[in-house]
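Top to bottom, those sequences are chains A and B.
Numbering follows this note's numbering, with no gaps: position 66 of the first sequence is 66.
Numbering follows this note's numbering, with no gaps: position 84 of the second sequence is 1084.
Derived by calculation from the structure, the hints in this document are not laboratory data.
Beta carbons are placed, not taken as given, at the ideal position from N, Cα and C, and that holds for glycine.
It is possible that part of the hints are untrue.
[As the list claims (entries may be wrong)] Quick list of in silico lysine-lysine cross-link-like pairs, DSSO-like style, CA-CA up to 27 angstroms: (1) A/K85 - A/K111; (2) A/K47 - A/K111; (3) B/K1171 - B/K1096; (4) A/K85 - B/K1096; (5) A/K85 - A/K47; (6) B/K1096 - A/K47; (7) B/K1096 - A/K111; (8) A/K111 - A/K77; (9) A/K77 - A/K47.
[Unchecked claim] Computed spacing ranges between beta-carbons, pair by pair: (10) B/A1063 - A/P126: 51 to 57 angstroms; (11) A/V12 - B/V1033: 36 to 42 angstroms; (12) A/A9 - B/V1141: 19 to 25 angstroms; (13) B/L1169 - A/A42: 37 to 43 angstroms; (14) A/G95 - B/V1145: 43 to 49 angstroms; (15) A/P126 - B/L1014: 21 to 27 angstroms; (16) B/K1171 - A/G93: 21 to 27 angstroms; (17) B/L1011 - A/G58: 49 to 55 angstroms; (18) B/L1152 - A/P126: 33 to 39 angstroms.
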Amino acid sequence: MSRNAKFVAGGVVILGALAYMIYAGVTQSAVYFVTPAELQAAPVAGKAYRLGGLVAPGSLSWEPRALDLRFSLTDGKASVPVRHKGTAPDLFGEGRGAVVEGSWTPEGYFKATLIMAKHSEEYKAPHEQGEAGYRELIKTLKGER
Amino acid sequence: MTRVLGWLAVLGLLAGLVAGFGLAPREVTQGNVQRIMYVHVPSVLVAYLAYTVVFVASIAYLARRVEAADRVAHASAEIGVLFNGITIATGSIWGKPTWGTWWTWDARLTSVAILFVMYLGYLLLRGMIEDRERGARYAAVLGIVAALNVPLVHFSVLWWRTLHQPPSLLKPGAPAMSSAILTPLLVNLAAYALLYAYFLAKRVRILRREEEAAA
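With these hints in hand, go ahead and build the complete structure from the sequences.
Next up, the structure:
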């Protein structure tokens, strides 16, 4: 391959990658996730959503043998029941932030295909516990950002 | 002088390794996996620094047409791409166990990927144009435009809903971390900055020698 052909090929790859990322960015990350309140305002069954919220304390149930995970995501205004076949990441838990991919079902629950844990920006050494970080996290999940 | 910088960087990196992987405590929520931060955060901050230097050197080149400024921009862009790549790789490795995914198209990850590809394009453009003066001029324009993406990457987590958490360090007010975690991070940051300075000095000299040899 000549020098020029190499540069043209490289340029095409780079422009293609840029175009794809801008396309993916515009279609997906403009609103990266919807909040439980937004979903419940106008749920469309079968449509793919990303749903973000706080795992409601007391809502989590986990059946390891059936890989059956159930919990509710809340933003303080609304709460959405979520079901998932599979495991969750290490940082997933009650009272913590999560973003789930999946779809709304006509049966009235959110069927997740991917569970992602959202963590706060606080890093703590042991014996310096505090709850301020969680309050901040709830604020971001209520859609104030 | 350059050699001293190099040895300082080596000492700094060794101190950073000991501080980050030996002395720093296990983070409460994430445990040991949080230690990736001691590589991830200094890498991205050095990438920001490198692209800022490209920006300033590009303006200087367009204003004064000094070839030295163009060589600084060229060298700094290469180092920026290196650390930008390390940022994405370590971020991905960190994301899998904590978030549960290697990658997601949220605003932070998307904008940092675009930043990476833009500077790859910058280096490609540099290599593509045969004419020394014309190549430097085009590269300077791109070096100025592409740098506008840096603040976009930084503020993406504040402007849009993202999976990536907001800034812990580069924010108004005190850093959102215990001093036992902040101190090792700052040691690593200083070491990476030294490494950047060393790479820059070395690479600029090599670029100058190459041009002298070709002339």
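Results for each hint:
1. Taken as a hint, the A/K85 and A/K111 pair is honoured in the structure, with Cα atoms around 9 angstroms apart against an allowance of 27 angstroms.
2. With a CA separation close to 11 angstroms, the supplied pair A/K47 and A/K111 stays within the 27 angstroms bound.
3. For the proposed pair B/K1171 and B/K1096, the alpha carbon gap of about 26 angstroms is at most 27 angstroms, so the pair holds.
4. For the suggested pair A/K85 and B/K1096, the alpha carbons sit about 18 angstroms apart, so the restraint of at most 27 angstroms is met.
5. The suggested pairing of A/K85 with A/K47 holds, with an alpha-carbon distance near 19 angstroms, which does not exceed 27 angstroms.
6. With a C-alpha separation of about 26 angstroms, the suggested pair B/K1096 and A/K47 falls inside the 27 angstroms cut-off, and the hint holds.
7. Taken as a hint, the B/K1096 and A/K111 pair is honoured in the structure, with Cα atoms around 21 angstroms apart against an allowance of 27 angstroms.
8. A C-alpha spacing of about 21 angstroms is found between A/K111 and A/K77, which places the hinted pair at or below 27 angstroms, so the restraint holds.
9. Simply put, A/K77 and A/K47 have alpha-carbon atoms about 22 angstroms apart, close enough for the 27 angstroms limit, and the pair holds.
10. Checked against the hint of 51 to 57 angstroms, the pair B/A1063 and A/P126 passes, with Cβ atoms roughly 53 angstroms apart.
11. The supplied range of 36 to 42 angstroms is met by A/V12 and B/V1033, whose beta-carbon atoms lie about 38 angstroms from each other.
12. In this structure, A/A9 and B/V1141 meet the distance hint of 19 to 25 angstroms, their C-beta atoms being roughly 23 angstroms apart.
13. Checked against the hint of 37 to 43 angstroms, the pair B/L1169 and A/A42 passes, with Cβ atoms roughly 39 angstroms apart.
14. A/G95 and B/V1145 have their C-beta atoms about 44 angstroms apart, which keeps the hinted 43 to 49 angstroms range intact.
15. Taken as a hint, the range 21 to 27 angstroms holds for the pair A/P126 and B/L1014, whose Cβ atoms sit roughly 26 angstroms apart.
16. For the pair B/K1171 and A/G93, the beta carbons lie near 26 angstroms from each other, so the given range of 21 to 27 angstroms is met.
17. Checking the proposed 49 to 55 angstroms range against B/L1011 and A/G58 shows it holds: the Cβ atoms sit about 52 angstroms from each other.
18. At about 36 angstroms, the CB distance of B/L1152 to A/P126 agrees with the hint of 33 to 39 angstroms.
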